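Chemist: These protein sequences, in sequence, are chains A and B.
Numbering-wise, numbering that gives the first Met the number 0 puts 90 at position 91 of the first sequence, and it's gapless, one number per residue.
Numbering-wise, numbering that gives the first Met the number 0 puts 276 at position 277 of the second sequence, and it's gapless, one number per residue.
The hints are simulated quantities; they were obtained by calculation from the structure and are not laboratory data.
Computed from a prediction, not measured in an experiment: that's the story for all the values here.
Incorrect hints may have been included.
Quick list of the computed label-pair ranges, beta carbon to beta carbon [to be verified]: (1) GLY51/A to ARG125/B: 24 to 34 Å; (2) VAL65/B to ALA256/A: 44 to 54 Å; (3) ALA49/B to PRO292/A: 27 to 37 Å; (4) ASP207/B to PRO292/A: 51 to 61 Å; (5) PRO293/B to ALA224/A: 57 to 67 Å; (6) SER298/B to ALA224/A: 33 to 43 Å.
Where is the CB? At the ideal position from N, CA and C, for every residue including glycine.
2 protein chains.
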Amino acid sequence: MQDQKSNQQDRAPLGQDGEEGLIARHFAPLTRDWPGAFNLSDDCAAIRPAPGQELILKTDPVRAGVHFFPDDAPQDIAWKALAVNVSDLAAKAARPLAYLLAISFPEKPSGDWLRAFTAGLDRAQREFGCVLIGGDTDRAPGPLSIAVTAIGEAPAGRMIRRGGAMPGDLLFVSGTLGDAATGLMLRSGSESTKNWPIDAAARYALIDRYLRPIPRLGLRAGLRASANAAMDISDGLAKDLARLCRASGCSARVELAALPRSIPVDGLLEVDPGHIETLIGAGDDYEILASVPPKNAESFVALATAGGVPVAAIGSITEIKDASTVSFFDAEGAPFSPRRMGYDHF
Amino acid sequence: MQDQKSNQQDRAPLGQDGEEGLIARHFAPLTRDWPGAFNLSDDCAAIRPAPGQELILKTDPVRAGVHFFPDDAPQDIAWKALAVNVSDLAAKAARPLAYLLAISFPEKPSGDWLRAFTAGLDRAQREFGCVLIGGDTDRAPGPLSIAVTAIGEAPAGRMIRRGGAMPGDLLFVSGTLGDAATGLMLRSGSESTKNWPIDAAARYALIDRYLRPIPRLGLRAGLRASANAAMDISDGLAKDLARLCRASGCSARVELAALPRSIPVDGLLEVDPGHIETLIGAGDDYEILASVPPKNAESFVALATAGGVPVAAIGSITEIKDASTVSFFDAEGAPFSPRRMGYDHF
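Between the sequences and the hints, there should be enough to build the whole structure, so can you do that?
Modeler: Quick look at the structure:
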């Protein structure tokens with residue numbers, strides 16, 4: 000009875016007011032009365048950085064079937080859509096302020112779906128410290144598509160770049176690697192995962208790492224004070240580190256034994272050493288790769304720890320020697336050639 | 000031979016470098032070395048408004064099959080993707096500065112397609128005075144999808160709003176109405192259009208109005224100096240004027256005889272008076288609706304004319320009388336009820 004009533008209440012505004020009703024009912028509360036959002040009832044949003052700051056912008060859309068499963072919980076889809084963009088702000092040591100949201104629905108969403116989706120956005124934006132200030136909704140054939148434009152703030156001219164790494168820098172990575180990709184395998188339910196020595200709680204935790212990446216905003220102070228370069232790892236360590244090296248005109252060496260891994264992934268590596276490829280080549284981790292001069296290493300680790308983000312030294316930046324931008328070495332110091340070098344859309 | 004060589008040159012970077020090669024080759028030149036774009040080789044873009052200004056943001060994605068035809072020329076698709084967003088900046092009296100571009104390709108685009116598409120972007124951004132500063136490309140099933148986030152600048156706290164209209168204001172509209180929708184009918188090639196009294200040159204011009212909307216940036220000075228409220232007309236006069244009225248807490252009356260129309264649409268109205276519905280209810284015009292106090296009307300027209308934008312007074316803003324927000328009147332002063340009230344996605 001309760002459900003029926005709420006469904007009826009919901010159908011009326013969607014039918015009467017269409018797009019405007021949907022926005023006013025479900026999305027406008029996410030502006031938290033932020034002045035430049037104009038309660039989502041104007042054509043544009045207005046925003047300016049604090050004096051001495053500049054705005055840092057990122058847009059990285061997610062689509063059903065590519066970046067998430069169509070039957071993922073709407074809360075989780077919302078979280079991921081915002082988190083993958085805020086992760087880039089975190090890697091640039093920017094403070095999240097606001098975001099725009101453009102959603103394309105293949106069909107009219109139900110009130111239940113919208114309530115769950117906006118609850119997920121609400122939780123994510125509270126966690127990340129930003130508010131919705133504008134966007135667009137429409138209906139178009141094809142997969143559900145969600146384009147967030149994340150807007151952060153950083154001291155003018157001092158955004159942490161990809162291209163600032165110097166030979167001799169130590170390479171750090173936040174958190175643990177390969178959890179999200181391992182979680183994706185579990186989420187997909189492939190046969191081989193059924194024999195993995197991972198209990199139900201750990202399976203849940205790994206899947207959660209895939210579904211709900213955590214932007215490493217606690218690393219901001221450490222990056223700003225201590226890092227020469229940084230970027231987030233969305234397409235895999237090997238691929239993203241190669242990008243950082245190319246942008247910096249350097250090479251890098253990575254010690255596989257130093258790659259930080261969670262307890263369940265560590266257990267999995269004992270029975271399947273080949274799973275190391277997942278830590279090197281698989282995407283979705285959204286951990287941060289930072290290039291830090293040795294003299295700053297201690298302060299970087301201290302500031303990261305104070306920010307609640309574990310970091311591990313995994314290698315170093317070197318002069319360019321040959322065509323191989325990134326070299327991996329196993330525990331015996333022997334070179335290791337990964338089978339996969341990361342995700343590429345083209 | 001020339002073509003073959005250029006195709007070979009093109010395949011190599013796409014094959015070797017994937018997404019990065021595609022961006023470096025085709026999109027990075029569109030940044031025009033704008034510093035905060037970092038040549039599209041970093042994760043985020045950086046931008047700040049001039050002192051005393053704030054940034055005005057808009058995102059409105061376009062998708063094949065909904066906002067354009069899949070076989071439209073890539074140059075025209077690019078133009079429209081940028082123009083529909085810049086049109087909103089124009090309506091807010093903001094000066095375009097920059098844009099982010101997120102494209103999702105259903106399949107790997109050819110070098111020819113990319114060259115034509117970026118040529119269209121180049122032409123549009125030169126015309127509008129902005130540069131590409133960031134974005135994302137990926138591949139996903141579904142229609143070609145292009146999400147632009149347009150970034151403009153306006154004096155802080157003085158963006159022209161939807162909600163500022165006052166009873167007694169005169170309503171102005173820029174350009175002519177119904178051309179784009181008439182062009183869309185011609186573009187679709189429906190049988191009825193074949194007998195229209197419109198010659199080939201005029202058909203071409205009307206289709207061009209659909210394919211390549213012109214953001215009315217020349218209206219900026221007039222809006223800033225003289226208007227209480229403004230918005231662009233993307234979903235049809237009736238629907239968008241009703242939005243302006245709701246945001247302003249007012250009603251409006253519109254004189255059908257005053258609606259500005261192009262010569263071919265005027266000729267069409269003589270043989271088919273029902274085509275007036277297209278001027279009232281059809282979208283895609285991207286003209287600007289402005290609410291102007293009578294004392295400012297003369298200066299508004301003068302500034303618009305100086306900016307190269309024709310404007311016409313089509314009615315007035317009134318106190319709210321009843322449920323009907325917008326009332327239309329024919330040449331004899333009789334009320335007119337439109338059959339369609341504009342486009343809604345939901």
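Chemist: Where does the structure disagree with the numbered hints, that is, which hint numbers, in rising order?
Modeler: Checked against the structure, the only hint that fails is number 6, while the rest are satisfied.
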